[in-house]
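Those protein sequences? They're chains A, B, C and D, same order as listed. Residue numbers for the first sequence follow the working numbering, so the first one is 1 and each next one is one higher. Residue numbers for the second sequence follow the working numbering, so the first one is 1001 and each next one is one higher. Residue numbers for the third sequence follow the working numbering, so the first one is 2001 and each next one is one higher. Residue numbers for the fourth sequence follow the working numbering, so the first one is 3001 and each next one is one higher.
It should be emphasised that the hints constitute simulated quantities derived from the structure, not laboratory data. Each residue gets a CB set at the ideal place from its N, CA and C atoms; glycine is no exception. Hints should not be assumed to be uniformly reliable.
Here are some, though not all, of the chain C residues that point toward chain A, as calculated from beta-carbon distances under 8 angstroms [as the list claims (entries may be wrong)]:
no., residue
1, I2382
2, V2384
3, V2467
4, R2475
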Amino acid sequence: MEFLSLNILIFAPLIVAGIILSPLFPNDKIIVRRFAKGFSGILFIYSILFLLFFDPYNTDYQFKENIKFFSDTNWIEPLGISLGFGLDGISIMLVVLATFLVMLALIVSKKSITTKHKLYYSLILALTTAILGMVTARDLFLFFLFWELELIPMYFLILIWGTGKKEYSAMKFVLYTFFGSLFMLGSILLLNYFHVLNTGISTFSIEALTYSRHYEIPFLFESLIFLGFFIAFAVKLPIVPLHTWLPNAHVDAPTPVSMLLAGILLKMGGYGLIRFNIQMFPEMIKVFAPMLIISGVINIIYAALVALAQKDLKLLIAYSSVSHMGFVLLGLGALNSIGITGAMFQMIAHGLISAGLFLIVGVIYFRTKTRVFSHLGGLGQVMPKAFYFTILLAFASLGLPLLIGFAAEVMIFYGAFTSNSLDGFVLSNQLMTALAAISIVITAAYLLWVLQKVFMGNMFEKWQKVQDITPHETIALTFLSIPIVLFGLYPEGVTSLFLPFVDSLVSYFTL
Amino acid sequence: MEFFINNVWIIPALPLWSFLSILFGRALNVYENKYISLALTAGSTFIGFIFSIFILFYCINNAGTNHQYDILWLDTRDLKFSIGWLVDNLAAMMLVVVTSISLLIQVYSHGYMEQDKGYHRFFAYLVLFNFSMLALVLSTNLFQAYIFWELVGVSSYLLIGFWFNRPSAAQAAKKAFIINRIGDFGLLVGILALLFYSLNWWANSQNTLLEFATLGQAGSLALVNAGPVLFGFLTLGLLLGPIAKSAQIPLHTWLADAMEGPTPISALIHAATMVAAGVYLIARLYPVFELSPQTMTIMAWVGGATAFVAATIAITQTDIKKCLAYSTCSQLGYMILAMGIGAYSAGLFHLMTHAYFKAMLFLCSGAVIHSLADQQNMKYMGGLRKKMPIVAYTYLIGTLAISGLLFSGFWSKEAILSSLYTQGENLLLVIALITAFMTAYYMFRSYFMTFEGEYRGHARFHKPSKVMTMPLIILAVPSAITGFIFSGNLNLIGIKSFDSFVFYGHALHEAHTDLFLPICSLIIALLGFLLAGIIYWDKLKSLYCNCFDAIQRYTIPLYRLSVNKWYFDDFYNLLIKYLILPISEFISIFDKYIIDGFVNLCGISTLYKGKAISLLQNGNVQTYLVTALLSFIAVIILIFLIFII
Amino acid sequence: MDFLLDIKTAMLPEAILSLTILMCTVLCFMLKQQIQKVIYIISLLGLVISLFSISLLAANKVFTAFYNSFSSDFFSVLMRFLILAGTLLVIVMTKDYSFTFKNRQGEFYLLILIAALGALLLAGSNDLIMIFIALETLSLCSYALSGFLKKDKSSNEAALKYLIFGGAASALMLYGFSFLYGITGLTNLTEIFSYLANNSGGTMLNLTLFTVISGFLFKVAAFPFHSWAPDVYEGAPVPVAAFLSTVSKIAGFAALVKLMGLAFNNIEIISITLGLIALLSITAGNFMALNQMNIKRLMAYSSISQTGFVLIGFALLSYMGISGAVFYLISYLIANLGAWLAIIIFNDQTSKNLISDLNGIAYNNPYFATCFGLCLLSLAGIPVTIGFMAKFYLFHAIVQMGPAYLWLLIFALLNTILSLFYYLKVIKAMFVCGQESINSKLVFNGGVLNTSFIALAVLVVILGILVTPFINIARYSALSVKLPIKQIEIFK
Amino acid sequence: MELGLVHYLILAAILFCIGILGVIISRNIIKILISIEIMLNAVNINFAAFANFGDLDEAKGQVFAIFIMAVAAAEIALGLAILIACYNNRHSVDIEDYTSLKG
């Protein structure tokens, strides 16, 4: 296990990004692309190795590592900030998902990225570092640092290779996320303050603040801290009134970036909710469970209805993302083992499915230069492969049994329905779950609408020459389909990885 | 025999394997030959059929067979869902029905689809459907049933939309799936609620979660926990699934549109097997439904209403497939009606007989359509009996059967009617009888319009191939005889009656001692036949020509109602157009202009605030000084105020 | 020779700088105008030597000179180091710019050096008179420097405005000094502190404090005495603007820290006032920066808001706060000088100043854009840069003061969004696509200007990671400041 | 009536206010410079008065005043020099004409 170092996993992409960007590296787009792709493949395999050596029954952090500067213990000794990484049940899956999606995004970058290759590939790799750092950070400060760090590559990726109102969208994305993260910063600092107040030691370590917090924080402040975290993750997830950056960012981002954005970056919101709001504040989460559930249901229904009215393919998929992330909230709000497991599973499921759907949108847009439904139609005749993959992805997305979305939805629905986290509140879990279940109709409606309008029906003459998906895209879509089917048939393959962790999580707030 | 029971999983597994073989075989271009697809498909079904036959005989010989095997599928702490197979009499019956009809239709499809570009795709979908349907039939628990319930829906979606470049097919496929999803919604919520209210029971017992075998006990606990009202809603939710799947009012509109699919599909899915799955699920959930009398009543009335309404619609349809589709709807209504009044066996008996003769009817219509180069309108047919006698006679057998005049239909319909009679549901009985009359009328109408008289069309006729007629002939046999064989009248030679084989509670066989009802229904059906003959059989036509116009004049409003399918579709379209889409548009606009508008407003107003403040920066150093001093004084005053207060 | 010993122990850099100034003065008169570039070299040398001489000053003890009117503690040593380093970079900046001064190069360096001397004295002054003299030395030279381009209308105007505003502000400050003197009868700060520790000053003292502070608020361009800054930065020669926004500010802050001790009896009032002023500075600076088209004006407004952040550190009146402010100043100095270097490199070669002139520059000049972008991101507080660490450390200091200062935190946090917007606007302009042709390749030939530019950008990142020593230095220096706090907080 | 400290302070305050008013109101730049001088002189009066009434031993106030005078002279000299440069460019001593830098 000595060769498995998280530091290498996290910082290698950054170093490779530097290598690609350096003037010594040949400025040949094919070499750059192949080098980046090859590296991302190696990174994915490397992350798989972590998965193999991961012990799910150990709910602690594993593969712990600390980098030290000028001090025996910490990174920034005066503040008690450590540069420590570790993996546990929820991070391991997201790490693998991230490296997997980065690999696929790079595979499909061939068509959609036509300029400034060196910059593009190094930015994607820098983004990888930020994402991996976020999910493995064992220190609140570190988490926050990577959270903000991710903004910059993302900003450039949308700004430079985007389409449409890209400047507006990129700026909106950054400012919105930054806005949310400020609340998180406030919460982190307050948490640290109360730790100093009660123990005299300044620390930002997640373990210390989670497990060895034996003092009471005044209710007002604890709820403020909780809400601070919540707002940050609500922006990222996104939760409904705070979601409007997402359609813009998705629509204007280039395809691979949309894939990453929907596939992995949105999951950071869910990850944060589990890691901080639930794990750190088992008492507060009980108080705020109604908020989670209600916003979850609103997300699910509201975004689905909005998606129904969209005229633009990518917007529709973007709103479907919002709707699906509502399930994560619903599952988390259930506050029982199965609900949280379902929420985590949904994050993975949605990561794979939405990446695929955005890829399909990109494929269509690249060939037809339009995403408006009224201009599309009948493409199934000229691009059957794309059609079949879309069918698979759409059905996975609308929760077809034996595909990955179903297992997640079932767990979430079951968890939410049998939960009693809303006891003493005006609404009941059962009613809210039943409301959320309406979405299975609406989701089917808009996704089948997509299939009908884009692939079925009469075809315009002008699309006669449209090519089917290229081998690159086929490979990427096949890679995506494999886990979608595999874990749809055998969900335990994923859930068993984090089930013990979720159990330990739930044991803190047994209702 | 034990071998077949123990390895029953092979029945659904083979189609799945065939599906994957065709999928990967074609995706990777392993083969081109159409016969390989056909062989994979029909072969798998044939083996399944053999298994099914043996299993059926085993079940007949061993009363009370209940073989169940479960595999844990999803194992999280407090939720353990299983997938497995359950063989009992009901399943055995369904297996035989599904595999036999599937097999014949697959053979038939080879002839029907031979020229189609999507031949392999068609067979892949077909075999996928087979897998889903067989797994649904073998489900041990409600959850598994839900899984394959949805998979069946998807296969149906794919097959209806098989010719996806036709806008109407695409539309119909979507409609079918969405309406089925409404049913699934109810089913899902119902399952969740049932599970929730009986959670303790499952936790204390070692049984598979939601297994059919013990659903009754869990259900009665749920009734206690939830109270009768909530439990009523729960069962209604569960009922919504079958209502959608079996095309009952108000969720029946998809079935007629589903005829956009290739005709073999209409025969297999939308007549014989999938739509019957709703009835099958009701049968499986019978212990739960039984606990809620209100739901049973609603079920009966939904069935009755559907039977009646669909029959009235079928009367005026000119599209042969639409006509058959509405007749399917109507017959399914009979089955649901039977289930609703407690005539469990009668309903399932009708399911079985109907499956055979309706499949045959559809295949006949398919043969006609195929021969007339995709002409579906009966106005342009006629006189085809001479050109394709086999098709005509098999169609006639089917028509007689469905009308309840002769053959299997008579016996099964009779069982339902007599149950109605013995239960004392007189109003429903009247409805059922009127429906029977209309059934005879429209079926014979279609027969006459298609096969008798003069050919009115223009399409060049070509003869259906052997591959297509052979299944017709084979299907004609069960269509004709199943009713009689299982009617209980052959008890002497060792074949038991259907209701002593598939029953709920305890076996209950009532001999038809009272001849009033059968005669009555026979007369009614005959009347229907005569009316159809009067109107549509050319040989009789000359007799009544004068009065026909008068009749027509008085019935125009009714005619319109029927032709427009009771305005269900229009109503739904209006609902979607003027309610759901506006709501969604409204929310979308709200999202774009109010929520996002607020965000943008924040941004823009900040920019303007910046501009406004910049006005102070007017370049005059005296202004700077004044503002500086004034704001400084203001700060000082503010501070003092803070400290004084 | 106590006097000389004092100078050796306390004022070595100043002494060396004074000698350099004398030498430059003489050379200025002697040398022909064509070879006045020599003065550039000599002033650089003088600054470097005096920079090294700082390390000879003992850091752990307080030394005084000039009869206690100048004291050299670790804080002032640090500030003087920053001032000298800043001046050094400003002089480096003039390398290619000085041709605009025609034949008066020598004077320019002379004035800058004298201004730096004033700043150094201000940072160490311990007497009201010393403060005044040092401040005026700095100010007068700054006025002259702002108007150094005699033929340039905006340069004249900038100097005029600066002078009038500065005159009025220093008069206000002096008015406050006079009352301070009146109340205590003393001018030495150490004595005044001990006097105030034993006597209450009454309400008059409060008013006095406000007026005294106003002079320094002017110097650091904080609200409400900030309005001169954008005009002066725009009109003045670019190196002068850089000088004003860094060196002159650091000197002002250094003196302000010295005066913190005056708040002995009025901790809360001073604290809240400074907090309010800090917030208003940040907000005013940010709001007005949003719509700026001229990059120099943008930097002016940005520096106003950055001033506000430093003032937050002061407003806390805690060692943590002061150390936060010091650390913030370090980060500000590095990033801001980097940004000014970028502006001057761009301006030297294109003579353009608008943000839109930068459009698409990144693709022809990747290093320029990257380094400039890093400096701007540091100012905005995005990781991994020293600016991010500084902001975090400062906010950490606010929170450590407890819930009473939460309002300060909230407003400061919200303001960072605004600042991110306009910094990103510049970055966006540099990376915007499709307009690569507007800008041809800048000459980027590894001269001292470019080397120091890249070095600063690298520092911005490196120091964002290796941050511990700097926090320790900031803390150590804060401990040497006399603060009117009775209880010692948790502070290692 | 004997002149006390307060009277001097009041005089200084009035002068200071006049100075401020002059800086703010007058349009002529020379007048503005003179007004700044008046403000500084008000400060001088303060120092002298405080020194006279309070700090009799060391007379730091007087010293301070002398320093202020010296610096004020330098400041005015510089101011006039800058004004001349301005005048050369724009031929005006009206402060309203010097508003090209704004926004």
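task = Compare the structure with the hints numbered earlier in the document and write down the numbers of the violated ones, lowest to highest.
result = none
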